[in-house]
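Spelled out, the chains give:
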Amino acid sequence: MANYKYHILICGGTGCHASQSAQIKINFEQLIVEKNLTDDVQIVETGCFGFCEKGPIVKMLPDNTFYTQVKPEDCKEIIEEHIIKGRKVERLLYLDPTSQEHKADSKHMGFYKKQLRIALRNCGFINPENIDEYIARDGYKALATVLEQNDPQATIDIIKKSGLRGRGGGGFPTGLKWEICSKNNADQKYMICNADEGDPGAFMDRSILEGDPHTIIEAMIIGGFCIGATKGLIYIRAEYPLAIHRLQVALEQAREYGLLGKNLFGTDFDFDIELRYGAGAFVCGEETALIHSMEGLRGEPTFKPPFPAQEGYLKKPSNVNNVETFANIPVIINKGWEWFSSIGTEKSKGTKVFALAGQINNVGLIEVPMGITLREVIYEIGGGIKGGKKFKAVQTGGPSGGCLTEKFLDTPIDYDNLIAAGSMMGSGGMIVMDETSCMVSVAKFYLEFTVEESCGKCSPCRIGNKRLHEILEKITQGKGTMEDLDSLRNLAQVIKDTALCGLGQTSPNPVLSTIDNFWDEYVAHVVDKKCPAGQCKALKKYIIDPEKCIGCTACARVCPTNAITGTVKMPHEINQELCIKCGSCYEKCKFNAISIK
Amino acid sequence: MEKIKSLADLKKKREDLQSNLKLRELGDNVDNLIQVKVAMATCGIASGAKQVMEVIINECNKRNLPVVVTQTGCMGYCYAEPTVEVKKPGQEAVVFGYITPAKAEELVNKYLAGNELLDGIIPVNYEKIDNK
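If you read the sequences in order, they're chains Z and C.
In this text, residue positions in the first sequence follow my numbering: the first is 1351, and each later residue adds one.
In this text, residue positions in the second sequence follow my numbering: the first is 8, and each later residue adds one.
Quick caveat, the hints were computed from the structure, so don't treat them as lab data.
Treat the hints with care, as some may be off.
Said to hold, decoys possible - Pulled from the structure, derived: some chain C residues nowhere near chain Z, Cβ distances all over 10 Å:
1. Asn39
2. Ile41
3. Gly55
4. Gln58
5. Glu61
6. Ile64
7. Asn65
8. Cys67
9. Asn68
10. Lys69
11. Thr77
12. Ala87
13. Pro108
14. Ala109
15. Lys110
16. Leu125
Unchecked claim - Short derived list, chain C residues pointing at chain Z, Cβ under 8 Å:
17. Ile11
18. Ile52
19. Ser54
20. Gly80
21. Cys81
22. Met82
23. Gly83
24. Tyr84
25. Tyr86
26. Gln98
27. Gly104
28. Thr107
29. Glu112
30. Leu124
31. Asn132
Just so you know, these numbers come straight off a predicted model, no measurement behind them.
The beta carbon of each residue, even a glycine, is placed where N, CA and C say it ideally should be.
Working from the sequences, and respecting the hints, build out all of it.
Written out as structure tokens, the structure reads:
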């Protein structure tokens, strides 16, 4: 067992590799042998530091020194100065662009500010099943402050001034929502948490509930106090068993500590929370449908007004907020609205959690200040496109959102900019697509989802989306016409204008935004009967190049439909009538003789 | 269980917890303990975090190492699950990704018992709000 005194971490990300980090590693390895340091120093290659523009990055442990733009020839100096003499190599330290000072410790560097964790502050840090860890991290302090102050309007004002907007997608100002509900008088009101996260690819709410359930409980009590509700309800989908379990544990622990129940913090305010399980219907994320589902009715939306703040759960004034929105509340109260509103853009304050998915290297959950650009998210935090392929688009907002293309890479991300760009914030799913994604198929995929999830109450959504999906299917089959493209656009517009709820009104967005941004790709499908990305099966054609084929028969043997014929050592041929475009021959051929047309 | 009845109660509780437990539950010598956190959200568990946690606990017990192993939520590095964070006394925490049960054993033997790092380190690149 080795007991190293120093560790040299070398960034092994794609960017640093391109600037010779592999050679740096080799140089260090040779140097420690030369200097007889193999028992003291270990050299390790790590994942991407996310600071590619200053790469290659070398980090020294245990003293946390961060060297940037290291060249292979610098290794000697680092070993001789840093390891042997214990002196930092000043010229390789990060130069702070504003102060022009060299910073040794990575914590003071700007790129760490790319991600700021407010809603996720405790996720991956505390044990979610232990309330003590939450309390030790200032948990329930915001609630205590609010209750001791005993001025609901003052708290609502703090939330209003912080500029917090609903993180579930719509972006309605949270403080205003609370204020409206607080002004409606009733014998009973309800504080409801929407944990019915349904966007494909989004899982931040689940992660918050699994990693930090108490923050939601605390925020709901605060909200309940502000609007005058004594009952809280969490509507959570049954597909989230771990989140449900952790919530149940958390509720139990909070009750034991007297943080839920009667006379909280010695005041006369009572509050308790119940869980309600949803069956996972997408439409139940819409607040009126959610409320109906909780009442035991069909999960169908109803026309607003009346808004839930007037007539919600059991016809009583109710306030519905999303999980991520709640997760911001205790921090805003503890740190002040001034602090919170100093983060973000003019109209979108604070941070947003995004679930990065698709063709990106670092799939995962990130939390970034509003106003960050897509480029920073994809290339610096996300580590770039998988396999070094070319970026094509990013889909935000799930089935209600749209695609953002290269021209939006440098647009600051906030609620309003995303809408202006033809997409929306949505709950924060971000699906990154590379050049091999067919945009018509992407639109079709989302339409499939909406058709499946439509509650069927209004005809624009029930019938219109079905027709949209049929037209898209026709186009991907190579049977589309230019008239179809016109009807796609018209129909999409009609659904947008006439559907009853948010789900229906936004469901044509994937179609509209791909038509706008990738018109040529639609035309290629319709006019040239070609799929530029090579994804649409019906439009693919596998062809054997007789020049390259040596007649090894490997393809003929692997073909499931016996579509390939030919004699040994003679070029083979594919019968296009029989070919089902499975691609087996393409993968099998060792001579690159088969191509896709 | 004693109920928390006022802000003063809560503050006292928090101070007790912070000083005595320092976020972990194991007695007074927490500063000398190695803290290991296994990310156990759905993504982690789906990629085998439960087995990994078991292996770490068993291996540490076998060697009688001064280690506290706890579960935590999603650290956000879903591409590299299961992920494990190790914080040695007086040192920066190091996050290891792609920890299979076999690698977990290696982690205990090499890094926890010795001081040898493993491949698959994920540099932490976010800012916490604590100091703001």
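A quick look at each hint next to the structure:
At roughly 16 Å from the closest C-beta of chain Z, the C-beta of asparagine 39(C) stays outside 10 Å, upholding its exclusion from the interface. Remark: the non-interface label on isoleucine 41(C) is consistent with the geometry, its nearest Cβ contact in chain Z lying 14 Å away (cut-off 10 Å). No beta-carbon of chain Z is positioned within 10 Å of the beta-carbon of glycine 55(C); the least distance is around 15 Å. Listed as a non-interface residue, glutamine 58(C) keeps its Cβ farther than 10 Å from every Cβ of chain Z; the least gap is roughly 16 Å.
With a least beta-carbon separation of about 16 Å from chain Z, glutamate 61(C) lies farther than 10 Å from that chain, consistent with its non-interface assignment. Non-interface call for isoleucine 64(C) relative to chain Z: holds, since the shortest CB-CB distance, roughly 14 Å, exceeds 10 Å. Interface exclusion of asparagine 65(C) from chain Z stands, the closest Cβ pair being 18 Å apart, more than 10 Å. Its beta-carbon lying about 14 Å from the closest one in chain Z, cysteine 67(C) satisfies the requirement of being farther than 10 Å from that chain.
Interface exclusion of asparagine 68(C) from chain Z stands, the closest Cβ pair being 17 Å apart, more than 10 Å. Listed as a non-interface residue, lysine 69(C) keeps its Cβ farther than 10 Å from every Cβ of chain Z; the least gap is roughly 14 Å. In this structure threonine 77(C) is not separated from chain Z by more than 10 Å, as the shortest Cβ-Cβ distance comes to only about 5 Å. Separation of alanine 87(C) from chain Z is inadequate, the least Cβ-Cβ distance of about 7 Å not exceeding the 10 Å criterion.
At the 10 Å boundary, the C-beta of proline 108(C) stays outside the reach of chain Z, the nearest C-beta of that chain being 20 Å off. Every CB of chain Z lies more than 10 Å from the CB of alanine 109(C), the least distance being 17 Å, so the non-interface label holds. Distance check for lysine 110(C) against chain Z: the nearest CB is about 14 Å away, which clears 10 Å, and the non-interface claim stands. With 10 Å as the threshold on Cβ separation, the claim that leucine 125(C) sits away from chain Z is violated: the shortest Cβ distance comes to roughly 8 Å.
Hint on isoleucine 11(C) holds. Least Cβ distance to chain Z is approximately 5 Å, under the 8 Å limit. Against a cut-off of 8 Å between C-beta atoms, the interface hint on isoleucine 52(C) holds, since the closest Cβ of chain Z lies about 7 Å away. Violation of the interface hint for serine 54(C) is found here, the shortest Cβ-Cβ separation to chain Z being roughly 12 Å, above the 8 Å cut-off. Restraint check, glycine 80(C) versus chain Z: the minimum CB separation of about 2 Å is within 8 Å; hint holds.
For cysteine 81(C), the suggested interface contact is upheld, since its CB lies about 4 Å from the closest CB of chain Z, less than 8 Å. Because the beta carbon of methionine 82(C) sits about 3 Å from the nearest beta carbon in chain Z, less than 8 Å, this interface hint is met. About 4 Å separates the beta-carbon of glycine 83(C) from the nearest beta-carbon of chain Z, less than 8 Å, and the hint is met. Using the Cβ-Cβ criterion of 8 Å, the hint placing tyrosine 84(C) at the interface with chain Z is satisfied: the shortest such distance is roughly 5 Å.
Restraint check, tyrosine 86(C) versus chain Z: the minimum CB separation of about 4 Å is within 8 Å; hint holds. Evaluation of the glutamine 98(C) hint against chain Z yields a held restraint, the C-beta minimum of about 5 Å falling below 8 Å. For glycine 104(C), the suggested interface contact is upheld, since its CB lies about 7 Å from the closest CB of chain Z, less than 8 Å. About 16 Å separates the beta-carbon of threonine 107(C) from the nearest beta-carbon of chain Z, more than 8 Å, and the hint is not met.
Among the interface hints, the one on glutamate 112(C) is violated; its C-beta lies about 13 Å from the nearest C-beta in chain Z, farther than the 8 Å criterion. For leucine 124(C), the shortest C-beta to C-beta distance to chain Z is roughly 5 Å, which falls under 8 Å, so the interface hint holds. This hint holds: asparagine 132(C) has a C-beta 4 Å from the nearest C-beta of chain Z, less than the 8 Å allowed.
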